[in-house]
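If you read the protein sequences in the order shown, they are chains A and B. Going by this note's numbering, the letters in the first sequence line up with residues 1 to 114, in that order. Going by this note's numbering, the letters in the second sequence line up with residues 1001 to 1113, in that order.
Worth flagging that the hints you see were computed from the coordinates, not collected in a lab. Check each hint, because a few of them may be wrong.
[Claimed, not checked] Taking lysine-lysine pairs in the DSS-like style, the calculated list, with each CA pair at most 30 Å apart, reads:
(1) B:K1001 / B:K1112
(2) B:K1112 / A:K7
(3) A:K7 / A:K65
(4) A:K65 / B:K1001
(5) B:K1042 / B:K1112
(6) B:K1100 / B:K1042
(7) A:K7 / B:K1100
(8) B:K1068 / B:K1100
(9) B:K1112 / A:K65
(10) B:K1001 / B:K1042
(11) A:K65 / B:K1100
No experiment lies behind these values; they were computed from the predicted model shown.
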Amino acid sequence: SAVISQKPSRDICQRGTSLTIQCQVDSQVTMMFWYRQQPGQSLTLIATANQGSEATYESGFVIDKFPISRPNLTFSTLTVSNMSPEDSSIYLCSVLPGGELEQFFGPGTRLTVL
Amino acid sequence: KQEVTQIPAALSVPEGENLVLNCSFTDSAIYNLQWFRQDPGKGLTSLLLIQSSQREQTSGRLNASLDKSSGRSTLYIAASQPGDSATYLCAVRPIAAGNKLTFGGGTRVLVKP
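Please model the entire structure based on the sequences and the hints provided.
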């Protein structure tokens, strides 16, 4: 298994500003992902955070809006840039340790944009 | 493209009743299926993982079955308790999608005392 922490747990931000979310894992993992969950919706994959290289973004998500860093195998950040109220969501970090392919999620960051 | 559906979207039962949550998926070519629990405004907790070669997995009061050929999984929660109130999400890992999970819309469960 893996224990994941995220900072901040929640934030209220003004439109036009940016927020950086941190994800820390208690063990080294190769596969790390960032998801978004809009109110009342299921999860949508934003990108796969690759260690030492640029993240791989899903359709509809771009690096300028959601820059991601992955400096090592236990840490990643997601920045939500130039925020608008439509960015109000829960942002979740997730990891896929080796072995049986069981995926684990962090506690989420609840973002409200005014 | 893999699609995952969970019916019903919401369910309310009295305490003590058994819960039956359904998940269906369109493409049987999967590595595994995972059930998660999500409390309001929180992250996901992994409940059970079923590999494609398995028929079921059990953990305490939870039992999940998998019928890959028909594209169905069922999560059973025995003797429900108010603490079981949460949203339950089903996700499959399609072989065609590499390491990416495809999620269902979830079933929101309320267990009334």
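Of the numbered hints stated previously, which ones are contradicted by the structure, given in increasing order?
1, 2 and 9
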